[in-house]
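Undergrad: Counting from 1, one number per residue, gives the positions in the sequence shown under this note's numbering.
Think of the hints as simulated: they come from the structure by calculation, not from any bench. Since the model is a prediction, treat every value here as computed from it, not as a measurement. A virtual CB, placed ideally from N, CA and C, is assigned to each residue, including glycine. Errors might be hidden in some of the hints.
[Said to hold, decoys possible] Have a look at the derived ranges for each label pair, beta carbon to beta carbon:
#1 Leu18 with Lys94: 31 to 37 Å
#2 Asp109 with Lys31: 24 to 30 Å
#3 Tyr19 with Val111: 20 to 26 Å
#4 Glu47 with Asp95: 30 to 36 Å
#5 Asp95 with Tyr39: 17 to 23 Å
[As the list claims (entries may be wrong)] In silico DSSO-like cross-links for lysine-lysine, where the CA-CA straight-line distance does not exceed 30 Å:
#6 Lys31 with Lys117
#7 Lys31 with Lys89
#8 Lys117 with Lys87
#9 Lys22 with Lys89
#10 Lys89 with Lys33
#11 Lys89 with Lys117
#12 Lys117 with Lys94
#13 Lys33 with Lys117
#14 Lys33 with Lys87
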Amino acid sequence: DTILRIVRPLYGAAESGLYWFKTYHNHHKEKLKMHVSSYDPCLLITEEGENPFGITSLQTNDTLSVMTPDFSHREEEELQRATLRAKPKTILSKDQPLEFNGGRITYRDGVISLQQKGQAKYQRTASQFRLVEEERQGGGDGDVQGKAGRL
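Construct the entire structure; sequences and hints are all you get.
TA: Written out as structure tokens, the structure is:
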């Protein structure tokens with residue numbers, strides 16, 4: 001005998017990531033006064049100067065932030081006020097790696113590194129790639145139109 005209680009519907013599995021992203025993206029813009037980077041719409045930056053300061057990357061259903069303690073405190077308060085659910089924060093340290101968007105972020109000897117899961121088997125050296133010339137189709141002299149790197 002099991003009873004399941006639905007806390008919050010997230011529509012279908014395919015839509016749940018978009019729902020999460022839109023909800024938290026709007027929350028960061030409206031409540032935390034962050035603006036969207038012109039470089040990447042998933043990257044948000046505080047508008048208020050040095051303190052409190054935060055940069056946040058939202059990826060599907062995962063968040064990575066670099067922030068001052070003041071901004072971190074404010075973010076927690078606003079999450080509670082908005083009754084949004086979020087996992088507890090994990091702070092990167094030499095003893096505590098972070099998992100973000102399918103990758104592992106570590107801090108060792110003053111260096112921060114990102115290792116993507118499963119990517120090591122796909123690594124190749126430059127000598128294992130070859131450059132392929134593509135010739136223009138259907139035109140008189142067969143000049144090279146462009147070059148493209150292919151694996």
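Undergrad: So which of the earlier hints does this model not fit?
TA: Going through the list in order, the structure violates hints 2, 3, 5, 6 and 13 and respects the others.
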